[in-house]
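Enquirer: What follows is each chain in one-letter form.
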Amino acid sequence: MSMTITQKIIAAHAGVNAVKPGELLSVRVDLVLANDVTAPVSINELRKAGLSGVFDKDKIALVLDHFTPNKDIKSAANSKYVREFACENCITHFYEGGEAGVEHALLPEKGLAAPGEIIIGADSHTCTYGALGAFSTGMGSTDIAYATVTGKTWLKVPEAVKVTLKGKRLPRFVTGKDVMLTLIKILSVDGALYKSLEFSGDIAALSVDDRFTVANMAIECGAKNAVFPTDKITLAYLNGRRVARGFTVYEPDDDAVYAREITIDLKSLEPIVAFPHLPDNGKTFSEFGNVKIDQVVIGSCTNGRISDMRQAAEILKDRKVAKGVRAIIIPATPEVYKQCLSEGLMQIFADAGCIISAPTCGPCLGGHMGILAAGERAVSTTNRNFVGRMGDPASEVYLASPYVAAASAVTGKISHPSELLK
Amino acid sequence: MNKVFKYGDNVDTDVIIPARYLTASDDATLKAHCMEDIDADFSKTVSAGDFIVGGQNFGCGSSREHAPLAIKASGITAVIAKSFARIFFRNSINIGLPLIENVQLADGISAGDALTVDFENGLVKNLTTGKTYDIPPAPLFLKKIIAAGGLLNTIDKNKG
Numbered sequence: 001m002s003m004t005i006t007q008k009i010i011a012a013h014a015g016v017n018a019v020k021p022g023e024l025l026s027v028r029v030d031l032v033l034a035n036d037v038t039a040p041v042s043i044n045e046l047r048k049a050g051l052s053g054v055f056d057k058d059k060i061a062l063v064l065d066h067f068t069p070n071k072d073i074k075s076a077a078n079s080k081y082v083r084e085f086a087c088e089n090c091i092t093h094f095y096e097g098g099e100a101g102v103e104h105a106l107l108p109e110k111g112l113a114a115p116g117e118i119i120i121g122a123d124s125h126t127c128t129y130g131a132l133g134a135f136s137t138g139m140g141s142t143d144i145a146y147a148t149v150t151g152k153t154w155l156k157v158p159e160a161v162k163v164t165l166k167g168k169r170l171p172r173f174v175t176g177k178d179v180m181l182t183l184i185k186i187l188s189v190d191g192a193l194y195k196s197l198e199f200s201g202d203i204a205a206l207s208v209d210d211r212f213t214v215a216n217m218a219i220e221c222g223a224k225n226a227v228f229p230t231d232k233i234t235l236a237y238l239n240g241r242r243v244a245r246g247f248t249v250y251e252p253d254d255d256a257v258y259a260r261e262i263t264i265d266l267k268s269l270e271p272i273v274a275f276p277h278l279p280d281n282g283k284t285f286s287e288f289g290n291v292k293i294d295q296v297v298i299g300s301c302t303n304g305r306i307s308d309m310r311q312a313a314e315i316l317k318d319r320k321v322a323k324g325v326r327a328i329i330i331p332a333t334p335e336v337y338k339q340c341l342s343e344g345l346m347q348i349f350a351d352a353g354c355i356i357s358a359p360t361c362g363p364c365l366g367g368h369m370g371i372l373a374a375g376e377r378a379v380s381t382t383n384r385n386f387v388g389r390m391g392d393p394a395s396e397v398y399l400a401s402p403y404v405a406a407a408s409a410v411t412g413k414i415s416h417p418s419e420l421l422k
Numbered sequence: 001m002n003k004v005f006k007y008g009d010n011v012d013t014d015v016i017i018p019a020r021y022l023t024a025s026d027d028a029t030l031k032a033h034c035m036e037d038i039d040a041d042f043s044k045t046v047s048a049g050d051f052i053v054g055g056q057n058f059g060c061g062s063s064r065e066h067a068p069l070a071i072k073a074s075g076i077t078a079v080i081a082k083s084f085a086r087i088f089f090r091n092s093i094n095i096g097l098p099l100i101e102n103v104q105l106a107d108g109i110s111a112g113d114a115l116t117v118d119f120e121n122g123l124v125k126n127l128t129t130g131k132t133y134d135i136p137p138a139p140l141f142l143k144k145i146i147a148a149g150g151l152l153n154t155i156d157k158n159k160g
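Chains Z and P are the protein sequences, given in the same order.
Per the numbering used here, residue 1 is the first one in the first sequence, and the count goes up by one each step.
Per the numbering used here, residue 1 is the first one in the second sequence, and the count goes up by one each step.
Quick caveat, the hints were computed from the structure, so don't treat them as lab data.
Hints should not be assumed to be uniformly reliable.
[What the hints assert, rightly or not] DSSO-like, lysine-lysine: derived pairs with alpha carbons at most 27 Å apart: (1) K74/Z <-> K143/P; (2) K338/Z <-> K110/Z; (3) K3/P <-> K152/Z; (4) K156/Z <-> K31/P; (5) K125/P <-> K48/Z; (6) K20/Z <-> K144/P; (7) K48/Z <-> K3/P; (8) K44/P <-> K3/P; (9) K292/Z <-> K320/Z; (10) K156/Z <-> K72/P; (11) K125/P <-> K143/P; (12) K144/P <-> K48/Z; (13) K44/P <-> K152/Z; (14) K44/P <-> K80/Z; (15) K143/P <-> K156/Z; (16) K185/Z <-> K82/P; (17) K125/P <-> K156/Z; (18) K31/P <-> K71/Z.
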């Protein structure tokens, strides 16, 4: 039939045998997600249209994670509005307070994403779940309102860009973040517009956490989704999360058609930093000199998982954050937070002089917990470095891995981790 | 006479409506801060019937529907660009903000030009240069959503 993984998932959910790129179809969805920024707009739209009820109370996730713990009166009112909706409709997967985490780190932990599923969310980084072989993509509040009531959405079948990874393992200090910032640099910020990214080759070189980071940033090259084939590593993760429901694993056809093919030689990769003000503006360390910084953020749906925390701690152990630098550590979920405690990472962060935050999206989108003033620079493990993203329009965000961010916190300038550690 | 606000490539939703205003979703607040981080004068000078013209990948970034809502609340007739980011594209259709994707048209308009749009016949005329451009027709599937006045209005019909 010549279909990619994404095309097969869409065909199955549209109830047809085959689909072609460009076709517009109505599909059923397996999970619908919204947060404290986007859900209020969805709920408003539903009320305005006189619609009530939800298609399946077990297949809707509402996560209060963006401006929480609520930063001001308006955000508290928005959270309350979502809470009341969740309560009225008996939404099973409503997460707030000490149960909430950054949505795209939290839902896979809760076993809410599996291969072959269609997951849509009113958040652009919903593409994260492609790491587990799902088709997942971000939409807006009205799309999510529609899916909340009907359990369906409309999709245009995307063409695909095939990304083949070559190499048994990542070099020292190279992470999923570096793989993806390199790919985005190759593709540019609209190089995969309307398309799916389909990974293949030596995917075993990437851990599940690395794959989450890679799929998470698919939107930063315009992609509709990114998807990894399902392998032993995926299945081990799902078993650990007790994902007991049946799911279907799809593989691409041998004669699947790709709009473009890219090969990435993993052993040639090095740590890379995306300079302001676009994620495709990646530079390796030989391409820039001294860049002094004021703040470091380690967290987010991109890099707030346990392996990210371990990488940061590896650098920060027995070291101090440079005078004048604010280093903010944000474990993405309560589970990551607890694991940091039990592994002794919190002690390392506290001893180094870091600020440790509760799970929140917070500073990534300039919400709270670390806003930048005019002229200030941050190295951040988050996903966007647009003008004004983390605060004043005259501030700057440099995107990097947890290794680079932690090393930069110690030296006070953007630093290669090998400056501190062999 | 309507005005054109012209911007470059990759106008992202963080500059269309910065996250610090996302606790609101009412027209007045969104309009007051629309485009603030790249064009501080936009909200003061925009008037009903004006156009925004962008380059490639207009509306990239966050899925915030507040972005097309802010542009619509500002009274913009249509956003014209070489290409649109896909979530922004969906959101605009869903809320009824007209988008026109046409490279020649976007290139052929300068800030300050006067335009007329004829959606019925799919034509844009640049009154300043005298040139006329075709608007690519929307697929039937999307026309139905637009004709219904937005995605949610299609729900009852689907039940029948």
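Enquirer: Which of the listed hints are broken here?
Expert: 1, 3, 4, 5, 7, 13, 14, 17
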